[in-house]
Amino acid sequence: MPYQPPIYVEHLCKYYSVHQKEPGLIGSLRSFVRRKYIDVKAVDDVSFTIDAGEIVGFLGPNGAGKTTTLKVLSGLLYPTRGTARVLGFIPSERRPEFLRQITLVMGQKQQLAWDLPAMETFLVNAAIYEIPADQFKQRLDELTELLDLSPLLKKQVRKLSLGERMKCELAAALLHRPRVLFLDEPTIGLDVTMQTRIRQFIREYNARHAATILLTSHYMADVTALCRRVIVIDHGKVLYDGDLHNLAEKIAPHKLIRVELAQPLNGQRLEDYGEVVSAREQHAALLVPRDATPEVAARMLAQLPIADVTIEEPPIEEVITRVFEQAARARAERGEEEDGE
Amino acid sequence: MTNVEGRRTNDAGRRTLGAQVLAFSIFRLPGKYAALLRRAMGLILEYRASIVIWMLTGVMPLVMLAVWYALAESGPIAGYAQNDFVAYYLMLTLVRQLTNVWVIWELDYEIRHGDLSVKLLHPINPIHEYIATHLADKVFRLWILVPLALLAWWLFPDLHYDVMPLTLTLWLAALVVAWLLRFLSQYCFGILAFWISQALTLNEMWFAGMLMLGGVVAPLDLFPAPVAQVANYLPFRFMLSFPVEILLGRLSASDVIVGTLTMLAWLAFFLMLYRWLWSKGIRQFGAFGA
Amino acid sequence: MRYLRLLVIFYKNSLLRELEYRVNFLANAFMSVFWLTWGILGVSVFFLHRNRMGDWTFPEVLMVVGLFTFFEGVIEALLRPNVGAVIEQIRDGTLDFVLTKPVNAQFIASLRNLVIWRLVDVILGMMVILYGLSQLHVTPTPAQVMFFIAMVISALMMVYSIWLIMVSLAFWFVRIDNITELFYAFYEAGRYPVTIYRGVVRVLLTFIVPIAFITTFPASALLGRLDMTTASIGFAFALGLFIFSNRFWNFALRYYSSASS
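Residue numbers (the numbering used here), protein chains in the order written: chain E, 1 to 341; chain G, 1 to 290; chain W, 1 to 261.
Careful, some of the hints might be misleading.
On the chain W side, residues computed to face chain G include the following (Cβ under 10 Å) [as the list claims (entries may be wrong)]:
hint : residue
1    : ARG112
2    : ILE179
3    : GLU188
4    : ILE196
5    : TYR197
Note that these hints are calculated values from the structure, not bench results. Heads up, the beta-carbon is just placed ideally off N, CA and C, and yes, glycines get one too.
Working from the sequences, and respecting the hints, build out all of it.
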């Protein structure tokens, strides 16, 4: 059979009709009598293909269309227009064979029964997904080891901390060893240690089982740690789809040179070399045009008392923000309306 | 041969008949129910205090008993003497406790808050989880009701019930169908939550109908003849009154047969209505989601 | 006066909220009429077989039905929305916002929300009472009207106090939502004049669960069947309950403040 990418999206559109209301008593009364509806284009002509084993980051501000796309791909929503195929299935048909091979983890919603230990839900999932007992035990052991679950399994879910709950949620979502994972904000609300833990887990899982992972997140750290490829989406449109670091090169034409000075400057000015981002005692950071970086660095090393120097990409957050700013400018030029928030 | 997913197929790649039958998931349900029931029982035990209170709130039949009992002091009403009212209403209370349904509140909430999404990601129809919780609740209620029923039997020795084996079997069957009717009809109203915000209100009216025409306000015999005639064929009767009528022994054999057939017809109707509404509802959910 | 102004603001906000859901308005108004009709039909079934319930004729029983609906409206519009709100606030820990406001906590907690459409029940109830009276072709004497008003006021106090006690219980039993359902279960007995019940039931309903005070006594007052003694006891009981509920609420509040971190 010819190779079918696990996730295939072409010209996907998802539009909603939402009713708008003005604030205050008059607005309420008016809306009571006659409703005004506007069309929201949550996803507007999105296309991409994801290959087996890839971990792809889906980046965008709130309301950009990330969660909507994930919901279409997992079968919860059906497209207004366009095509979505996951593992060869049409997601909105919600065939059991399809559902058995995917999982959608939503940071805000949980499938664990609140008043019972997580183990109870695992057992139910084992039955629902028809996991044979020996495989269940083996997978549970693996997940317990990777996520450090042993102290948690017998405690009531509502007595667990947010991070512990998230770990159990992930375990419940992965017991059936899905081939495709949709992770919607999996680290939201977690502390830094837990976020790192979850990231490590996802990486490990992907390495062991070659699962295809589509991940949305607010936290750049999630994306930088896990994804080589990102899809940037805003206002329902794809702004960029490709290597994360190439993105930096395309959008942010600067690199960051950090220097540690061996002794205070003697009449020299850092500004001569580039745009100074920070300068404190012995440490400084400058933005330098990408192409000029080797030359500037060489000059600085020759002319300044430098103890240490590093050359970095600008923070990814800045790059992404710039992508959105560019897109916003383009939209304004095209005269499109901004939706009020 | 076997295809990519390891399923048996013929040369054209279509599944063999045997594999198709096996794949029809209803045959694999019992195993899933065991797990669902186990978890449901755990949940029910967590909430046992609440459940006891819910049981206490089902006392309206006893209020009606108090009224009819007082009214029948001066003589029987339409063939029901005071003792008959006691027999009727005690059994009705039992039947009501054993057939109670609350699924619409869960369904309405989960639909409107988007929590249904989580259930929809599982390769099993959400209805089974709701059924499992209801079954577990019944098991728990039996624990309380059986001793209470025995106590009542001891306190009121001259209550007249027809306890022939055939009648009891029929009673049991009617009880099960009564629960199914209440569950399926309520579930159908719950599915309306995909479209409207007032599913609970509609259900309230349905419930009021059951109270009036299902035998809580008065035994159906006490309604004026034309009303009673119509009520005999409405679904409400089979949600509460019919099992009680069977056990009271006032029905003739032909009454029982006609009643049973009507009951089964309503069951078939609500099953089909549920399936149709659910498929429409899922489409609707997929259009707007949550 | 400040409290009056606050009340206006509370209720205006509640109205705004209600207007968001226009179908709710229609549904609520419809359900009020629906349940009243249902209640009257239910009572009519009794009168198919007897021409009196105890010593109450049909129009007289209608008055009790009217009072039942009247107070149900008060509960659904003014009291129940707040019980639910307080329970939620205790569960979410947001009650502290209420407690730190420079306004009497009981006032806010018990009167904050108004489901205005349920006041339709109040109006319908009054209409049924008047209809019942008209069918009897009697005009109550001023004394009887006074008694009636006194009984209605004591009933209001009683209903408010019972619900305030239930709210207070929420501080201990967080899963109390269905205790309020117990109230409704007992309240069902108030559809009919309590004097028709015999023996144990009557005692239970009059003194232990004072349903009689709420729906039967005002009707009796208007019909001239209530004697001074019972009326005074009723009023005193209601007042006592009112004071007790306030004490209990404060007690619960103290427990809450000392128990939570």
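Hint-by-hint comparison with the structure:
1. ARG112: 23 Å, violated
2. ILE179: 6 Å, holds
3. GLU188: 5 Å, holds
4. ILE196: Given a least distance of 5 Å, the restraint on ILE196(W) holds.
5. TYR197: Holds, about 5 Å.
The structure shown violates just one earlier hint, number 1.
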